[in-house]
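K.L.:
As a plain string of letters, each chain reads:
Number of protein chains: 2
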Amino acid sequence: MRDFSNDHRWLSLNTATVRKQGDFVAIAEACARHKIRGVSPWRDQVAHVGLDKAVKAVKDHDLELSGYCRGGMFVSDEAHRQLQRDDNKRCVDEAVALGSPCIVLVVGGLPQYSRPGSAPSKNIINARAQVDDGIAEMMEYARQAKMPLAIEPLHPAYAADRACVNTTEQALDICDRLDPNRTGMLGVALDVYHIWWDPELHAQIARAGQDRLLAFHVCDWLVPTKDILNDRGMMGDGVIDIRSARTAVEAQGFAGYCEIEIFSENWWSKSMDEVLATCIERHKTVV
Amino acid sequence: MRDFSNDHRWLSLNTATVRKQGDFVAIAEACARHKIRGVSPWRDQVAHVGLDKAVKAVKDHDLELSGYCRGGMFVSDEAHRQLQRDDNKRCVDEAVALGSPCIVLVVGGLPQYSRPGSAPSKNIINARAQVDDGIAEMMEYARQAKMPLAIEPLHPAYAADRACVNTTEQALDICDRLDPNRTGMLGVALDVYHIWWDPELHAQIARAGQDRLLAFHVCDWLVPTKDILNDRGMMGDGVIDIRSARTAVEAQGFAGYCEIEIFSENWWSKSMDEVLATCIERHKTVV
Numbered sequence: 031m032r033d034f035s036n037d038h039r040w041l042s043l044n045t046a047t048v049r050k051q052g053d054f055v056a057i058a059e060a061c062a063r064h065k066i067r068g069v070s071p072w073r074d075q076v077a078h079v080g081l082d083k084a085v086k087a088v089k090d091h092d093l094e095l096s097g098y099c100r101g102g103m104f105v106s107d108e109a110h111r112q113l114q115r116d117d118n119k120r121c122v123d124e125a126v127a128l129g130s131p132c133i134v135l136v137v138g139g140l141p142q143y144s145r146p147g148s149a150p151s152k153n154i155i156n157a158r159a160q161v162d163d164g165i166a167e168m169m170e171y172a173r174q175a176k177m178p179l180a181i182e183p184l185h186p187a188y189a190a191d192r193a194c195v196n197t198t199e200q201a202l203d204i205c206d207r208l209d210p211n212r213t214g215m216l217g218v219a220l221d222v223y224h225i226w227w228d229p230e231l232h233a234q235i236a237r238a239g240q241d242r243l244l245a246f247h248v249c250d251w252l253v254p255t256k257d258i259l260n261d262r263g264m265m266g267d268g269v270i271d272i273r274s275a276r277t278a279v280e281a282q283g284f285a286g287y288c289e290i291e292i293f294s295e296n297w298w299s300k301s302m303d304e305v306l307a308t309c310i311e312r313h314k315t316v317v
Numbered sequence: 031m032r033d034f035s036n037d038h039r040w041l042s043l044n045t046a047t048v049r050k051q052g053d054f055v056a057i058a059e060a061c062a063r064h065k066i067r068g069v070s071p072w073r074d075q076v077a078h079v080g081l082d083k084a085v086k087a088v089k090d091h092d093l094e095l096s097g098y099c100r101g102g103m104f105v106s107d108e109a110h111r112q113l114q115r116d117d118n119k120r121c122v123d124e125a126v127a128l129g130s131p132c133i134v135l136v137v138g139g140l141p142q143y144s145r146p147g148s149a150p151s152k153n154i155i156n157a158r159a160q161v162d163d164g165i166a167e168m169m170e171y172a173r174q175a176k177m178p179l180a181i182e183p184l185h186p187a188y189a190a191d192r193a194c195v196n197t198t199e200q201a202l203d204i205c206d207r208l209d210p211n212r213t214g215m216l217g218v219a220l221d222v223y224h225i226w227w228d229p230e231l232h233a234q235i236a237r238a239g240q241d242r243l244l245a246f247h248v249c250d251w252l253v254p255t256k257d258i259l260n261d262r263g264m265m266g267d268g269v270i271d272i273r274s275a276r277t278a279v280e281a282q283g284f285a286g287y288c289e290i291e292i293f294s295e296n297w298w299s300k301s302m303d304e305v306l307a308t309c310i311e312r313h314k315t316v317v
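Chains as they are written, first to last, in my numbering: chain A, 31 to 317; chain B, 31 to 317.
Since the hints were made in silico from the structure, they are not lab data.
Some hints here could point you the wrong way.
Since copy identity is lost for identical chains, a pair holds within one copy or between any two.
[Claimed, not checked] Here are the simulated lysine to aspartate or glutamate pairs, DMTMM-like style, with alpha carbons at most 25 Å apart: (1) K152 with D33; (2) K152 with E199; (3) K152 with E311; (4) K152 with D257; (5) K152 with D267; (6) K256 with E295; (7) K152 with E280; (8) K152 with D271; (9) K50 with E304; (10) K256 with D267; (11) K50 with D257; (12) K300 with D107; (13) K176 with D53; (14) K86 with E295; (15) K152 with E94; (16) K300 with D53; (17) K119 with D241.
Keep in mind it's a predicted model, so treat the numbers as computed, not measured.
Model the full assembly from the supplied sequences, consistent with the hints where possible.
P.N.:
Right, dumping it as structure tokens:
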């Protein structure tokens, strides 16, 4: 396993972690100030400053992307299908412009939450079938752009409203169905927050192998978790054995960024510099 | 599938659903008033009125039990091991006195939450091994008392603090290991709240079969869920396709009570009669 104790060369900052403290340009500047080399921007944060300005900020500060968040939300009723297709094509174009190595896919849950305005349904089996179709379709466009797609299984607590792909096994089953030849264009983004509880975790990481492991995210699970979306923990403050997860992905050959993604009202209330300094310290000591 | 639309013969009330509105005796009286025939008491509610009085209330109102909540919390450090053993033996004795058909097992998560005071650990793999050992040990005592144990897989959101058995597959794997001959002394308690999201759900219900399906619980998953423990929904108010789950268990021959268990600050704030009347109406229309 790589030794992170002396530097933070492989720390990437998911920009949602400090989304309330500044815009994307300010975040890029702060990363440069803290010698953070990787970022993973969210589409709304890029849109807020404009794509050109975001691309310039990445170049000016010599940043690399570890991913682009997020494509997906494939589940909808028929009336919202074209919206979804166009939206995901634009996502590919933006990811190319920013030089991202992949797009993280949050696949969507039930249609009324995935694409608001869609006719409500309780049929999660149908939703999952739509996800397969949606990814297959997006892959055609992404393949032309040579942009890999990384399916992120989300914690089962988000099955209704964010993603009906809830385990690593399920995500890899999709990879096997849609990219049986392992072309490198489809894989998974694994976030310890979503998968730490899974009894199949280590077996599925081994099954994924290096070529399907496109991204690795860290934060922590707090007990109690006061808010299921926005009370994620700083690494070391919760119950996840983060190092054991990193050991498992690196045993498969994963050698990319450890991306810190923390949705937290607590950390959003602190200064950008304090958050980044804490991320760096925890990256060295507990990741 | 059984037709529930005309009566509520197969409705059982888990007493946690109205735990703030009255003690166990008051709940038993309310059930009789609403012609509810089944209850599933919690140990603390029984202890509050005293076991003898609880047994008398069950007899006086001609109630049947659909389960007894809860045994388990098997994970601890060495210093708390004997406490756990004694506690679970007492649970068996109480269940026998009350005439319960089974004990619902909530197996415990990490030791510091499962048995407070235990040395903290982040090792969920160890916790799971302890659960196997703990169930095996409890089974010896329960078998003599002819009291079946029903492992309840809890939603992965509770993996740290309540139960590290988080899928039906995992619970059935334990059943296969500890009761390979399917003696009827070990099975599962399935609550739609915990398992509705699981892509393996229907396959695992089929795998369980009638003899492993010892209890079936209903409530609903609200979007948003404001509190991961105490914001469960009344059936019909959330996103779970409850009828499809009931169809699946009944296809295996399950013919017991549909137990309503709702932890909800919202429903705890209403009168006992209003809650029971609503339970009956929803039992007829959406369960």
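K.L.:
Out of the numbered hints, which ones does the structure contradict?
P.N.:
12, 13, 14 and 15
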